[in-house]
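S.K.: In case you want the letters, here they are:
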Amino acid sequence: MAEPVVEIRGLRKEYAGRKGHQVADLDLTVPEGEVHGFLGPNGSGKTTTIRMLLGLAAATRGSMSLFGVPVPSRLPEVVGRVGAVVESPKFSPSFTGRQNLLLLARSVGVPDARVDAAIETVGLRGREQGRYKTYSLGMKQRLAIAATLLKDPRLLILDEPTNGLDPAGIREVREVIRGLGEAGVTVLLSSHILAEVQQVCTTATIIGNGRTLATGSVASLIGASTSHRVVAPDLAAARTALAAAGLSATEDDADGLLVATEQPGEITRALGEAGVWLTELSPIGGDLESTFLSLTERDRMGGTER
Amino acid sequence: MKRLVGVELTRLRWRRAAVVLMVLGALAAAAIFIGTVVTTSEQSLDDLVDDYGSVVTDEYDDCLEHPRRHGVLDDTLPDDELATACERQIALGWGHDDLDLGEQREGSGVAVVVLLTLALLLAGTTFAGHDWNTGSMANQLLFEPRRARVWGAKLAAVVVAGGAVALAVLLAYWTGLYAVASGRDLPIPEHAVSAAYKQAVLGAVLVAGATGFGYALTMLLRSTVGTLGLLFGSGLVGVVITQALGFVEAERVMPWGNFTAFVVGSYRYYDYDGCFATGYEAGCDAAVVLHRSDGSVYFLVVLLVVGALSLLSFRRRDVP
Numbered sequence: 001m002a003e004p005v006v007e008i009r010g011l012r013k014e015y016a017g018r019k020g021h022q023v024a025d026l027d028l029t030v031p032e033g034e035v036h037g038f039l040g041p042n043g044s045g046k047t048t049t050i051r052m053l054l055g056l057a058a059a060t061r062g063s064m065s066l067f068g069v070p071v072p073s074r075l076p077e078v079v080g081r082v083g084a085v086v087e088s089p090k091f092s093p094s095f096t097g098r099q100n101l102l103l104l105a106r107s108v109g110v111p112d113a114r115v116d117a118a119i120e121t122v123g124l125r126g127r128e129q130g131r132y133k134t135y136s137l138g139m140k141q142r143l144a145i146a147a148t149l150l151k152d153p154r155l156l157i158l159d160e161p162t163n164g165l166d167p168a169g170i171r172e173v174r175e176v177i178r179g180l181g182e183a184g185v186t187v188l189l190s191s192h193i194l195a196e197v198q199q200v201c202t203t204a205t206i207i208g209n210g211r212t213l214a215t216g217s218v219a220s221l222i223g224a225s226t227s228h229r230v231v232a233p234d235l236a237a238a239r240t241a242l243a244a245a246g247l248s249a250t251e252d253d254a255d256g257l258l259v260a261t262e263q264p265g266e267i268t269r270a271l272g273e274a275g276v277w278l279t280e281l282s283p284i285g286g287d288l289e290s291t292f293l294s295l296t297e298r299d300r301m302g303g304t305e306r
Numbered sequence: 001m002k003r004l005v006g007v008e009l010t011r012l013r014w015r016r017a018a019v020v021l022m023v024l025g026a027l028a029a030a031a032i033f034i035g036t037v038v039t040t041s042e043q044s045l046d047d048l049v050d051d052y053g054s055v056v057t058d059e060y061d062d063c064l065e066h067p068r069r070h071g072v073l074d075d076t077l078p079d080d081e082l083a084t085a086c087e088r089q090i091a092l093g094w095g096h097d098d099l100d101l102g103e104q105r106e107g108s109g110v111a112v113v114v115l116l117t118l119a120l121l122l123a124g125t126t127f128a129g130h131d132w133n134t135g136s137m138a139n140q141l142l143f144e145p146r147r148a149r150v151w152g153a154k155l156a157a158v159v160v161a162g163g164a165v166a167l168a169v170l171l172a173y174w175t176g177l178y179a180v181a182s183g184r185d186l187p188i189p190e191h192a193v194s195a196a197y198k199q200a201v202l203g204a205v206l207v208a209g210a211t212g213f214g215y216a217l218t219m220l221l222r223s224t225v226g227t228l229g230l231l232f233g234s235g236l237v238g239v240v241i242t243q244a245l246g247f248v249e250a251e252r253v254m255p256w257g258n259f260t261a262f263v264v265g266s267y268r269y270y271d272y273d274g275c276f277a278t279g280y281e282a283g284c285d286a287a288v289v290l291h292r293s294d295g296s297v298y299f300l301v302v303l304l305v306v307g308a309l310s311l312l313s314f315r316r317r318d319v320p
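The listed protein sequences derive, respectively, from chains A and B. Here this note's numbering is used: the first sequence runs in plain steps of one and ends on residue 306. Here this note's numbering is used: the second sequence runs in plain steps of one and ends on residue 320.
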């Protein structure tokens, strides 16, 4: 296995004056050259984790390293190899796109020519002299990605990079990410768009409630699909019976329920004991979405209090 | 570090609001300059009549009839010379004072420094506030994570820019007044010129400090509005301090006296309570003088306290 580019162990983040944690004992490993998906429901701690990794927020405890160098203590040694977009793009609205990039580039001694190259790469040529506040959300995202390319990064950390993009923009960004991955750049892609992760990433980590729920190759995660489709004449009674047995059931369509469990026997026992008879019970073909829903739902049901 | 300071100077140059505030400071100085030149210009009898009406005419006529009453001691002057002498005496009484660089140092010169201080303090505030309001601070730290360096580079940029603008404006102001006084053939003591330029340098130092103060306070509070609110609020605190300490004691710790002491060299106020306590003994001097050293210490302490808190906060707190 390749050396990990990102390694996080036992990471925890608590806020003073607030009960509970934002991130709790989180582990994350991203091997070199991987395009790694970082999945979790809203508020699960993805952005907080990324912010701690990049030195924008302080960890309460735990260890983190980038390229084998402990961060944030020695972040300046490796920051030149890391490009990142955290949450929504944030630039000076009254500056042009090019001015914003120039300031960032000059702060690390990158020649101005690189700015123009980055603008070209993300397809902003011709609009770079427009003020940032006049940009569409898609253009802002592209500018943020252009900023990450200024340093010729070996690690790219992208937090919801396709947020607000139109379908063409999403495809372009995916192509850029895929291309960077093929060029040997390690990518950590935080996203709630599961199809995106499934299409672009080779490995993924799923987190919930600030903790790691599952990690591995996307193929192995999909293979461990744990959902079953249940069809019964009385769906409401079935849902009640399943809930009473501690099983999470969500509506699949008008006729069926999606139950998050690896054991179909749990379903038949719960429904049989409640006198609800099945007309169909089938495992759901593996996809990341069902894995994600199954894991996060299970975590929510038995989750620790924040 | 040099590179970072250069980047921050560019950022400052591109920040329209900061530049507008600097230009406003310069325009305010220009307005005071024009006002000073106009209000110290020589006025003819007609100008005075226009300004004050018949009272001037009456006095002029009286001077022609009774020159000695109006300070024209030679009553043997021919009519045309008497008329000129009376005009001069009327102008002395009713007209503008001559342009005196020494007087201006304690008058319009201080006003220029006050306005520059306010404008540049706001420029420092808006410069830092913009980074927080737009969230671009986080972006900057993704490129240069050494926060102390970022903080220091920004501080250096605003202080250098604020000081340079203030120095240029103040030197231009005093050079302009000197040129006007010379053009009017007014006597200008040599020490008055050197004292004026010394005040320009001291004023620039104070303005640079105020720009840095505005920046540091905004980096601490992370909001332009918050900083402005605190500055306005501190006016109310000043009232509370004055009430608590009494007017005389409050003079020592309020900014104005220290400001004047630093720029002009000394600030005088009167502590009559002290004399009252001693029963107004003969020779009791109620005057209390704040010296430039007092003002220097005052502003240095304020800057160091706010600066240290600001840097500490920036290094330790999470950046949104």
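Accuracy of the hints is not assured; some may be wrong.
Listed below are several chain A residues computed to face chain B (Cβ distance under 8 Å; list not exhaustive) [stated by the list, open to error]:
1) 61
2) 94
3) 103
4) 109
5) 111
6) 181
7) 183
8) 254
9) 258
10) 277
11) 278
12) 282
Hints were generated in silico from the structure; no laboratory data involved. Quick caveat: nothing in here was measured; it's all calculated off a predicted structure. Built from N, CA and C at the ideal position, the CB exists for glycine as well.
S.K.: When the nearest CB of chain B is found for residue 103 (chain A), is that gap smaller than 8 Å?
M.R.: This hint holds: residue 103 (chain A) lies near chain B, its Cβ roughly 6 Å from the closest one there, short of 8 Å.
S.K.: Should the interface hint for residue 111 (chain A) be scored as holding, given a Cβ-Cβ cut-off of 8 Å against chain B?
M.R.: violated, 13 Å
S.K.: Hint residue 94 (chain A) vs chain B: min CB-CB distance below 8 Å?
M.R.: At about 6 Å, which falls below the 8 Å cut-off, the nearest Cβ of chain B leaves the hint on residue 94 (chain A) intact, so it holds.
S.K.: Mind checking the CB of residue 254 (chain A) against every CB in chain B and telling me if the closest is under 8 Å?
M.R.: violated, 44 Å
S.K.: Grab the minimum C-beta distance from residue 277 (chain A) to chain B and call the hint holds if it beats 8 Å, violated otherwise.
M.R.: This hint is violated: residue 277 (chain A) lies away from chain B, its Cβ roughly 55 Å from the closest one there, beyond 8 Å.
S.K.: Holds or violated: is there a CB of chain B closer than 8 Å to the CB of residue 109 (chain A)?
M.R.: holds, 6 Å
S.K.: Should the interface hint for residue 278 (chain A) be scored as holding, given a Cβ-Cβ cut-off of 8 Å against chain B?
M.R.: Constraint on residue 278 (chain A) not satisfied, violated at 51 Å.
S.K.: Given residue 282 (chain A) as an interface hint, is the shortest Cβ-Cβ distance to chain B below 8 Å?
M.R.: Violated: closest Cβ of chain B sits about 47 Å from residue 282 (chain A), beyond 8 Å.
S.K.: Against chain B, is residue 61 (chain A) within 8 Å by beta-carbon distance?
M.R.: violated, 15 Å
S.K.: Under 8 Å, Cβ to Cβ, is where residue 258 (chain A) needs to be relative to chain B, so tell me if that hint holds or is violated.
M.R.: violated, 37 Å
S.K.: Next item in the hint list is residue 181 (chain A). Is there a CB on chain B closer than 8 Å to its CB?
M.R.: violated, 21 Å
S.K.: The hint names residue 183 (chain A) as touching chain B; please verify it with the least Cβ-Cβ distance against 8 Å.
M.R.: violated, 21 Å
Violated hints for the displayed structure, listed by number in ascending order: 1, 5, 6, 7, 8, 9, 10, 11, 12.
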